[in-house]
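Novice: Build out the structure end to end from the sequences listed, making use of the hints.
If you read the protein sequences in the order shown, they are chains A and B. Using my numbering, you'd call the opening residue of the first sequence number 1 and step up by one each time. Using my numbering, you'd call the opening residue of the second sequence number 1001 and step up by one each time.
Think of the hints as simulated: they come from the structure by calculation, not from any bench. Keep in mind it's a predicted model, so treat the numbers as computed, not measured. Hints may be right or wrong, so weigh each one.
As the list claims (entries may be wrong) - In silico lysine-lysine, DSSO-like type, Cα no more than 30 Å apart, as pairs:
no., chain 1, residue 1, chain 2, residue 2
1, B, Lys1007, A, Lys161
2, B, Lys1100, B, Lys1161
3, B, Lys1654, A, Lys161
Listed here are the chains, written in short residue letters.
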Amino acid sequence: MTSLYEVIPDAPGEGVPTRRVTITVNGEKKTLDIEPRLLLAHLIRQGLQLTGTHVGCDTTGCGACTVLINGRPAKSCTVLAVQADGREVETVEGLASAQQLDPIQEGFKEEHGLQCGFCTPGMMLAAKALLQRNPNPTEDDVRWALSGNICRCTGYQNIVKAVLWAADKMREQ
Amino acid sequence: MALDELKIGGMGASRRRVEDNRFIRGKGRYIDDVVLPGMLHMEILRSPVAHARIKSIDTSAAWEVPGVRLVMTGETLAARNLAWMPTLSYDTQAVMATDKVRFQGQEVAAVIADDPYIAKDACSRIVVEYEQLPPIVNPEQAASPDAPLVRDDKVNQTTNKIFDWEIGDKEATDRAFAEADVVSTIDLHYPRSHPSPLETCGSIADYDRATGKLTVYMTSQAPHIIRAAVAMVAELPEQMIRVISPDLGGGFGNKVPVYPGYVISILASILTEHPVKWVEDRSSNLISTGFGRDIYLQGQLALRKDGKILGMRMHTISDHGAFYADAQPTKFKIGLMHSTFAAYDVPAAHLTSVGWYTNKAPGGVAYRCSFRVTEAMFFQERMIHAAANDLGMDQAEFRRVNLVKDDQFPYRTAFGFLTDSGQYGKCLDIALDAIGYANFKQEQEEARKRGKLLGIGISTMTEPLGAGNSREYDIIGIKMFDSAELRVHMTGKAILRTGAKTQGQGHETTWAQIVAHELGIPAEDIVVEEGDTDTAPFGMGTYASRSTPVAGAAVAMVSRKIRAKARKIAAHLLEVSEEDIEWELGRFYVRGNHERGVTIQDCALAAYSNVPDGLEPGLENNAYYDPPNLTWPFAAYVCKVEVDPETGVWDVLKFVAVDDCGVRINPMIVEGQIMGGLTEAYAMASMQYITFDEEGNCIGSNFMDYLLPTSWETPGFELHEVVTPCPHHPIGAKGIGECATVGGPAAFVNAVMNAIEHTGVRNVDMPLMPNRVYEALQTGLDVSGAPPVKGD
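Specialist: Written out as structure tokens, the structure is:
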């Protein structure tokens, strides 16, 4: 990958500064030459074609673009891709294995924790980070952990229930 | 044997959603996820000022940026007669400014480039010289005799007024006021609010010169209307236009209008012969796409001493921005504002409305509401609240006296609507009981002694959902019906398509439940598709809570057509006459011999393999449904708050919602709609603040300034249900998607007002930000939220 957008063969390469980065995305190591100004969200969405990471506000306000960087939630619309050099990034596509959904994914479906689905990947990744550090959260813990993520359809009550459902299931396992 | 309806995912099953399977895996396909071969990217340059003449535009530096394919200005469009387009309300709207800019954020130029970074770079190199004109930021300024003319492009437009409109019986209303013991008044501003679906608007236009076909992927709640509009605007034959509305990341009315960006991307594709993608950034979405509300609501109630309402007067002053571009039914200039007070027995009513152009983005879209009913019901419930106080009557008691009683249905409202069913008193009682209303006054007194301010707010309303009927409702002449097409395959599985367009409401799940209810085909055997105008039947789309009332009814009706044909096939298979065939869910059997029967799947196979003589093969059909009336759900919302007198901050202690939306297809989804709607109601009541300064600058153009509630602020909601089936809907359902957004805000505001009105204050305009509540507490005076606000 030598340009911003892999799919465009004749994108301008000359005179555009690039930098080589190595990022592990959902367990796969990628070495890429990218423009230093390229945002991580765009690298993930266009460059790696993992379109489950959504961009809703461009200013860190809505959390739709939340991914995990070394296990911590980050809003990838305001992270430069070069800042993820040498790190591990997890996106929504990394949650489920071929056979098995993550309990968080199951919880969102079971408790009707989504409607249009646009905020859902970011919500689930923020929830995953919470459950990794706190397997037994209270409702307030969940509400606080998700307070960087905006949902316009569902209204949070079922999203919170979905995360608590997942916590229950993970403790049982 | 008859099937168990809940087991096959029929009506009443809280079936888990089919669409979730892709969304939870990040496999939805939203507009920005669509990538076409050779696709270019478009960025729009927008006006930084609200009102100015364009003196010159220099695009030369933009053309020099490597990777730029095309730079467009108003002239590019004007040369093809595309600089202006018709709106859905018989007005015109600039696609790209040619003469002057009329609001901050208006489209001035566009760059098409190999990637969006390059397009943005090049946009910043376009130099535009503006000669600024005085901006108009509210109707009062617009009405001033020396106001500059916003729409000097329109030949016969000599003022900034868009329309004067009235409905009701003025004389009867005047008589009611003459007889009144008490006249109560209220004066409100329902502020601009932006729907802000989490996904912004966008399009990908793909014009294929070889075939002449134009395919447009578009974030549209109403793709079929768009096809017709594109055919008219771009003068392309309609059969060569395919509009595809992919997965939508929310809509809430924001994705109903036709936006300039769509049209510009279409022309860009025609000129470059490449697919062209345009996806707004959030700031563009907030400053240039369909706002809701922005309306002044003034009212009076004529009251008898015993609490009976004798008459109602209302005057609205609406700010539509620079172009009257919101979709309203043609006959009703201010939407269904006259549905106000439909839940109450009001003998006489009169409504006057005036609409104005200002230098703001086009507004007035139905933000999660059925054509201005949010404003109508907010006005109603704030007016009721004020009137009860003026009479010294209890809020609940005043409502009980005046709500339409169960035995009054069908009830003709003073403005001519026919409400047909409901149990209003029962809903209110359940809500009051759940919140502990009986003890509240004592609780409030005791709290005050401790320096705590408690308040309770009630909102009870019915609203008209599901336009048409087609006699009264059309948009630019297109009648408001909807459609469904059902194909049953020979193995008994099926595909259903409708003219609606889901944006989170779960049509892929619920439509299949209706088919399962009518035919006994398990819901999991039915695929639902919407949003592609080449495959789905024509329909008016999804907004105004019309999907279940109209398209949902069409789904039931087409299923019944299929069942009628299957009955003929069953008679053939069972070798009896059709009159001797009985139906139970999923199966026909011979009357008097229950054992002897065939399943719907047997009939489907026979439709392709063993058709009786004289019957067409196949098992598919369509239905266009023109509803006989609107549906009238009822809601009682009661909210209890505590206001901190030191800061003006208020917290919701409890919120109870009792909704009667008739028969519930999928209770889980209905409750999801209500909770989501209540959250938006809370958002409007508490924090969604987007306004304008004297210069016409939009204050609130990003999510750091325009606050949307998160999981941390949003209160919990306690839901209850009452079911009064809709008498005319084939499955007894009523609309529900918007009830909570419509009825909810007044419950919050009435609660806060109840907590603070001992100071003498009658009204604080939304959003009830702590500073406003604090100011009201300190001064005892009303707090207005009307623009302009002081700039920096």
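Novice: Could you run down the list of hints and mark each one as holding or not?
Specialist: So, going through the hints one by one against the coordinates:
| no. | hint | result |
| --- | --- | --- |
| 1 | Lys1007/B - Lys161/A | holds (25 Å) |
| 2 | Lys1100/B - Lys1161/B | holds (19 Å) |
| 3 | Lys1654/B - Lys161/A | holds (18 Å) |
Hint compliance for this structure: every hint is met.
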